[in-house]
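Listed in order, the protein sequences are those of chains B and C.
Numbered per this note's numbering, the first sequence spans residues 9 to 235.
Numbered per this note's numbering, the second sequence spans residues 9 to 235.
Since the hints were derived computationally from the structure, they do not count as laboratory data.
Keep in mind that the hints are not guaranteed to be accurate.
Intra- or inter-copy, both count: the list cannot distinguish identical chains.
What the hints assert, rightly or not - Using 20 Å as the maximum straight-line C-alpha spacing, the simulated SDA-like pairs for lysine to any residue come out as follows:
#1 K227 - W197
#2 K227 - T198
#3 K168 - A230
#4 K227 - R195
#5 K76 - V117
#6 K146 - A33
#7 K227 - V50
#8 K227 - T217
#9 K168 - A148
#10 K227 - G18
#11 K227 - A66
#12 K184 - G28
#13 K227 - P70
#14 K227 - R207
#15 K227 - T67
Number of protein chains: 2
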Amino acid sequence: MSAKPFLPRGLVVSCQAEEGSPFHAPAFVVAFARAAELGGAVAVRLRDVVNVTAVRAATTLPIIALTKGSYADGRVLITPDRRDVEQLFASGADMVAVDVTDRVGPDGVHRLEWFRRVRNEHRLPLMADVATYEEGLKAAEAGADLVGTTLSGYTDSTSKVRLDVPDFELIERLAKELPGKVVAEGRIWTPEQAALALRLGAAAVVVGTAITRPVDIVKRFASTLNR
Amino acid sequence: MSAKPFLPRGLVVSCQAEEGSPFHAPAFVVAFARAAELGGAVAVRLRDVVNVTAVRAATTLPIIALTKGSYADGRVLITPDRRDVEQLFASGADMVAVDVTDRVGPDGVHRLEWFRRVRNEHRLPLMADVATYEEGLKAAEAGADLVGTTLSGYTDSTSKVRLDVPDFELIERLAKELPGKVVAEGRIWTPEQAALALRLGAAAVVVGTAITRPVDIVKRFASTLNR
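Could you put the whole structure together from the sequences, leaning on the hints where they help?
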């Protein structure tokens, strides 16, 4: 909420290894975060206290931190628990990403209402991960420091969104309403897509899989060659 | 030299971390090799006995192994030492890549002549890394099992070759003369470039930096965004 933007314009590298990946350990997350810094990223985004603690010791880049909550119905929520918000900040996160979609959390509380409560108690930087234009506007009105397009395509109300390309329409519409606040995230595979997101008004661009998930990068090459 | 090709048609992942990279340790090379296997690669290519030993224990994929020799005049030769060839095979390599360019080794011996001697003593699979069409033909004639376009752009006689794109002309010309034997390698950044190399006749395509050098991948995104 300060006049100075939280992030310089540029690349945020998401360093999140999935369970089962050969890279699923803090030492690998640290190596990717150091690669982000050496390569010229402006911030990293990563999950879980154990990784935030390890990365905090290895880089001076801003850390956008999160946890994930997975539920029996298939929903995955971003940092659904207030204790996680506090622990992530205590571990060295500079900003915490939280779910501000039109969904209900495990506590039965609508995420926007939950976000308002957390916002009222914490002055620390919060990034709202949303799936739609309306969610983005409401999150900003409720005091989100940054609004990320992260969840477009992954909620019931956006299940018809194409999953093979970034949601450029959402990025552009939100950036027009919220200049300097919109972070483009989700399915950005190429430098050209990242540059387009900036031209459409995004303040920063998060790239994850294309940099930090080697199994998926190999699959993308292999499947093209096997066609 | 067998009727059966050494490699199925497809993707070879080069897993080579440079010194100074956060990924410069056998544990990281192993993780990239496992990612290659999980993602559908047909082989891995990597350097140094310590890494071959570690990767051999972690994957059943064929290993194309090498060492590098760097000299005061700036030359970098691929596996210039016969003892290295033997040690790499002893460590579990399935094939060893050697330099068959029109250059002289540290022993004063022209690489083609050196290759002929090694070939005469070893029936084990050898891949010839070359920089030009003529070198590729001579290497095949001398008994190379595979011929890689790896060194195009990195020798004195090819210093005018463009370093921002793969050498598709060399791949196509060699593949026409040596069907089933040519491996496209060098500056392949995208699945589309890899697929084009196969269409031009390559038997397999080696991709390294775009998958296994996160610092360089980050730089590529960051430099596009900072333009």
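Verification of the supplied hints:
In this assembly of identical chains, K227 and W197 lie within 20 Å of each other by CA distance both inside one copy and across copies; the values are 13 Å within and 14 Å between. In this assembly of identical chains, K227 and T198 lie within 20 Å of each other by CA distance both inside one copy and across copies; the values are 15 Å within and 12 Å between. With identical chains, the CA atoms of K168 and A230 are never at most 20 Å apart, being 27 Å at best within one copy and 31 Å at best between copies. Taking the closest pair of Cα atoms, K227 and R195 come within 20 Å of each other both inside a single copy (15 Å) and across two copies (19 Å).
Taking the shortest alpha-carbon separations for K76 and V117, only the intra-copy value of 17 Å comes in at or below 20 Å, while the best inter-copy value is 60 Å. For the homomeric pair K146 and A33, neither the shortest alpha-carbon distance inside one copy (36 Å) nor that between copies (47 Å) is at most 20 Å. For the identical chains of this complex, K227 and V50 are inter-copy neighbours only, at 12 Å across copies versus 28 Å inside a copy, given an alpha-carbon limit of 20 Å. For the identical chains of this complex, K227 and T217 are neighbours both inside a copy (11 Å) and across copies (15 Å), given an alpha-carbon limit of 20 Å.
Proximity of K168 and A148 under a CA criterion of 20 Å is satisfied in neither setting, with 24 Å inside one chain copy and 53 Å between copies. Taking the shortest alpha-carbon separations for K227 and G18, only the inter-copy value of 12 Å comes in at or below 20 Å, while the best intra-copy value is 27 Å. For the homomeric pair K227 and A66, the shortest alpha-carbon distance between copies (19 Å) is at most 20 Å, but the shortest distance inside one copy (30 Å) is not. Within a single copy, K184 and G28 get their C-alpha atoms no closer than 39 Å, and across copies no closer than 42 Å, so neither meets the 20 Å cut-off.
Proximity of K227 and P70 under a CA criterion of 20 Å is satisfied inter-copy only: 18 Å between copies versus 30 Å inside one chain copy. Taking CA atoms no more than 20 Å apart as the test, K227 paired with R207 passes between copies only; the shortest distance there is 19 Å, against 29 Å inside one copy. Taking identical chains as interchangeable, the C-alpha atoms of K227 and T67 lie at most 20 Å apart only when they sit on different chains, with a minimum of 17 Å there against 30 Å within one chain.
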